Amino acid sequence: MSLVLRGGRVIDQAGERLADVEVGDDGRIANVGDGCVGDVELDASGCVVAPGFVDLHAHLREPGQEDAETIETGARGGALGGYTALVAMPNTQPAMDCAAVVEQVRALGRDVACEIVPTGAMTVGRQGEDMAPLGELAGLGVGIFTDDGTGVQDPRLMRRIMEYSTGLTHRLGRPVVLAQHCEVDALSSGGYMHEGEWSSRLGIPGQPAEAEELMVMRDIALVRLTGAHMHFQHLSTAGSVAMVRDAKAAGLPVTAEATPHHFTLTDAACASYDPVFKVHPPLRTDADVAAVREGLADGTIDAIATDHAPHTDHAKEQSFDLAPPGMLGLETAFPLALDGLGLDLPEVLALMSWRPAAIAGISDRHGAPIQAGNPANLCVVDPDATWTVSGRAMASRSSNSPFEGRSVRGRVRHTLRDGVPVVVDGEAQR
Amino acid sequence: MTVHLLGIDGMDRARIEELLELTDTFDEIGRRPIPRVPALRGKTVATLFFEDSTRTRLSFDAAAKRLSADTLNFAAGASSLSKGESLRDTVDVIASYGVDALVVRHPMAGTPHRIADWTDAAVVNAGDGRHEHPTQALLDAYTLRQHRGALDGMQVAIVGDIRHSRVARSNVLAFSMLGADVTLVAPATLLPDSVAGWPVRVVHDLDAVLPGLDACYLLRMQRERITEGLIPSIREYVAGYGLDAGRAARLPKDALILHPGPTNRGVEISAEVAADPRSVILDQVVNGVSVRMAVLFLLLGSGLDHEPAADGEVAE
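Quick note, the sequences are listed as chains F and P, same order.
If you're matching positions, the first sequence starts at 0 in numbering that gives the first Met the number 0 and goes up one per residue.
If you're matching positions, the second sequence starts at 0 in numbering that gives the first Met the number 0 and goes up one per residue.
It is possible that part of the hints are untrue.
What the hints assert, rightly or not - Covered, in the sense of this in silico footprint (three residues per stretch, anywhere, with C-beta under 8 Å from a C-beta of chain P), are these stretches of chain F: (1) 48-60; (2) 187-196; (3) 202-209.
Everything labelled a hint here was simulated from the structure, so no lab data went into it.
These numbers were taken from a predicted model, which means no experiment stands behind them.
Here a beta-carbon is modelled for each residue, glycine too, at the ideal position from N, C-alpha and C.
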């Protein structure tokens, strides 16, 4: 089945032009410009046609917590949010620390609305004690290793993992990326929100910004020592952003991501005591939010990642301290980035599509320029459409959106995965 | 809309004074041979305690009974909820008994606020984590007022483990709203991470402030603060911050000594000082019942006023 995206404005890393896009029945782009014909026409007038988004950080909960999310529902939410690829975090039950679970996740993702890109855990069971079989998993195509949900606490073990990863990069001839959730447990444990004025007033035990920053500092030092590629997940403090900026200026192989909630919300939101605002790393101060935005604007932070973390209502109907941390993010990331950062649309697309695709090592098929021959992993967004966020209306099995009720601008109209329309006029097709 | 008492934060001076004046009435009732009035007959007050606190629970229970309300008591460890039932499930079950007020004590901040979102009953915060303990602050303010007439211009020091103290958070707000000057006295590790915006002065030297105080409020010091690495030893704490006879002698002759109880004799307060005529610790306990009667009465009103009469019946 061939298909035409008719009348849209195409924006990719090559620039911007008014053009139709024809997708062939092989799932690849056949033609861009005049003379496009196809079996199916999708209207893109008034919309932007862009390479599909790539989320470097999604918790899809399967296997283990299918009551909160499945790979199928997570992928559906991703497609509705304009994503064509989701990098699946390894803190499943069991953890993605061995070939069997990685293969299971990949198999479950075969026919869903987005490509599911499994990560591998850096340590066995994400316990931070023994190195996971990085070589075996890299051999299966895993490109990103992380213990996300926690950071590797032991600096000696982290050093060895970094060294080992550089050897794998040479052996495989492609980059192996280590992604760290930076949090020194000894400083953060027992804390449930950002430590500061609000935590003191609310009586919620806090975790200091330094819990994140000490690990960023340590890992930059270890990158200098080992030459490993370190990707910093969900940067949330002004100090972290500054250190990554300096590390990049020094030419070190580091990259970073930030989440929409960390460039939109502050710790003041916790005053409601509603655990929908509980997340790790925690919501920080106005100054931190400003620094994260600045980092996204000046290229210090390479990508917007959602840290999509579904939790059932039941799990969140607890005291703030007891509820699990995490927020939905897939369906709200694009409008929040579009309206919240003060950046031009092409910059937002870079942060959501081709830059994260490069970090994930999937640029051959996601975030690729819109030109004949490339796989048609595309999204069509209406940057002017406004809508109201509702957790219940989302595809996720959970509804824990911290943006509930917020009116936002920018809506995904169509999404194509390998040429197949998985979202048409805002409706999921699979 | 249901009215709750979740914290001193959100109240104003007028509201606090209204409660303290109402407390005078209930204080008088408490001194009668039969200290019971039918004000809340037909109403049900449930105490929902997720943390041990015999004193506060008894105080609320006594207050409700003196107002002729029916009482229900639910006690559970916070952790038992993690065995599958969510907090909301528990609240729904209790609420289904038809309660008019829920008195909630929980080891985690904000839990009464969450519960208030889920129920039509009036919620009274009886202490949430290290956040607030508003009825304690009201009874403390009442006790100060009883002895001094008004708090305006009073010099009040709150001494000890401010960091973990819901009593301190509520008292800072209540005392300063009523016009007192509040000084926090503690080692740096026992202060909150930030006191930005708090209407207080912070000092680390108790001896320096004693002669200028109208009231010295001592907080309970717990031994687990040592294992948390916040102080080196109880001995060192006592040396710097314990109110013993020597320090009490440097307090003005008419200064008041308060403590929320239970006291650690020989730690934050010596046995001699607890027995000092300036100590009003037992007054605080007595006033606790009167203040809680005033709170329940204000939140629930008269049972007669709010109970619509059925057809053909005359309300009592």
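I'd like to know which numbered hints this structure contradicts. Please list them from smallest to largest. 1
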